[in-house]
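*Asks:* As you go down the protein sequences, you meet chains A and B in turn. Everything in the first sequence is counted per this note's numbering, starting at 60 for the first residue and increasing by one. Everything in the second sequence is counted per this note's numbering, starting at 60 for the first residue and increasing by one.
Careful, some of the hints might be misleading.
Stated by the list, open to error - Straight-line Cα separation of at most 30 Å, DSBU-like style, residue types lysine-lysine; simulated pairs:
(1) B:Lys161 - B:Lys82
(2) B:Lys235 - A:Lys69
(3) A:Lys233 - A:Lys202
(4) B:Lys233 - A:Lys69
(5) A:Lys82 - B:Lys68
(6) B:Lys68 - A:Lys68
(7) A:Lys82 - A:Lys161
(8) B:Lys161 - A:Lys69
(9) B:Lys233 - A:Lys235
(10) B:Lys202 - B:Lys235
(11) A:Lys68 - B:Lys82
In case anyone wonders, no lab produced these hints; they're calculated from the structure.
These are the residues of each chain, in order.
There are 2 protein chains.
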Amino acid sequence: MKSTRIVEKKQVFVNQWVTLEEKTVLFTEFSEPHQYYSLRLPDYVCVVARTVEGRFPLIRQYRPAVEAFTWEFPSGTIDPGETPAETARRELSEETGLRAEKLFNLGQYTTDVGRLDNAMHGFYAEGVVPLDQYQPEPGLSVKLATFEEIEAMITQGEFNFALHLTVWESFLRKVKRAGGDL
Amino acid sequence: MKSTRIVEKKQVFVNQWVTLEEKTVLFTEFSEPHQYYSLRLPDYVCVVARTVEGRFPLIRQYRPAVEAFTWEFPSGTIDPGETPAETARRELSEETGLRAEKLFNLGQYTTDVGRLDNAMHGFYAEGVVPLDQYQPEPGLSVKLATFEEIEAMITQGEFNFALHLTVWESFLRKVKRAGGDL
């Protein structure tokens, strides 16, 4: 197993966010080469935020990949030169008009180790407040949900986006059950 | 928002498991068309299994997409004609040599709504037992972990595969905290 290595990589540029990669892998010195295909993507952040009134912003938007409107937490890809925390603050403000004061790290995750190469960084933003000025993003609506509403959406399968559920569960483990006053 | 629609789709066949799709989307009747790129993938199952001795099989394998060895639960894509439960039993036996008696549904999830179109089906297999005959899959090793070991791997970030963590959390919600005797 130690000799497993990638012997060739080919890349098909799709656009600034997406590259299709073909990797040729030798699992041992004596095995046949195998081709694997995956997307190279920028790393990504997902933000569980809580307003001073105890509401959690959810995003509703159309997602072409699944051809449906989805429920998600505020999220987005890291721009060149940004730290994950900077992306978290930027995406939260762009998508919801809310400003994060304190940010807590909710961990770093692989997304789909079979097909995607990027990492997801989870954050919790405590006590977010409205920006003075805010221009909503077209095609995107925001719901300020209670804790109980989010839990009901998970139980009923209405909020079923695996990547973002992982960040919610990390919030429950690291903040809520660790003695937060939610 | 109601008028959001896909006006054109192009597909690049990559192999039997992967197709790259370009979808042209009109968000309103009056907006400019935008192109979105995603992978069309078969649906997928992930199985949290528990042996009669109370151990949970974990898979260690090399994943070319992330160029690393990963920890995962038994999992795999649904073959044509299979039900998700059949795939769960097949993948569990192929990857671990264990046979599932009772299977419990742990929910259906979207994976990455930005880039992937497939669904993940989670299952819990209670009281799995060794097959009479078993030929291990090359390049894949199995660890029979205790509940506490898995929780420690999650806390330490050693098991950080978001899709599979979602299924583990669903197991905790639906089985463990619902009064299972684990």
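*Asks:* A separate judgement is required for each hint: does it hold in the structure or not?
*Replies:* Results of checking the hints against the structure:
Taken as a hint, the lysine 161 (chain B) and lysine 82 (chain B) pair is broken in the structure, with Cα atoms around 41 Å apart against an allowance of 30 Å. For a cut-off of 30 Å, the pair hint linking lysine 235 (chain B) to lysine 69 (chain A) is broken: about 45 Å separates their Cα positions. Of the supplied pair hints, the one linking lysine 233 (chain A) and lysine 202 (chain A) holds, its CA atoms being roughly 24 Å apart against a limit of 30 Å. Between lysine 233 (chain B) and lysine 69 (chain A), the direct Cα distance comes to roughly 43 Å. Violation of the 30 Å bound is thereby established for this hinted pair.
With a C-alpha separation of about 26 Å, the suggested pair lysine 82 (chain A) and lysine 68 (chain B) falls inside the 30 Å cut-off, and the hint holds. For the hint linking lysine 68 (chain B) to lysine 68 (chain A), the alpha-carbon distance of about 27 Å falls within 30 Å, and the restraint holds. Simply put, lysine 82 (chain A) and lysine 161 (chain A) have alpha-carbon atoms about 41 Å apart, too far for the 30 Å limit, and the pair is violated. Restraint check: the Cα-Cα separation between lysine 161 (chain B) and lysine 69 (chain A) comes to about 44 Å, which exceeds 30 Å; the hinted pair is violated.
Proposed proximity of lysine 233 (chain B) and lysine 235 (chain A) is supported: the alpha carbons are some 19 Å apart, at most 30 Å. Distance hint between lysine 202 (chain B) and lysine 235 (chain B) is fulfilled; the C-alpha atoms sit about 21 Å from each other, no more than 30 Å. Using a Cα cut-off of 30 Å, the hinted pair lysine 68 (chain A) and lysine 82 (chain B) holds, with the two alpha carbons roughly 26 Å apart.
Hints 1, 2, 4, 7, 8 from the list above are not met by this structure, while the remaining hints are.
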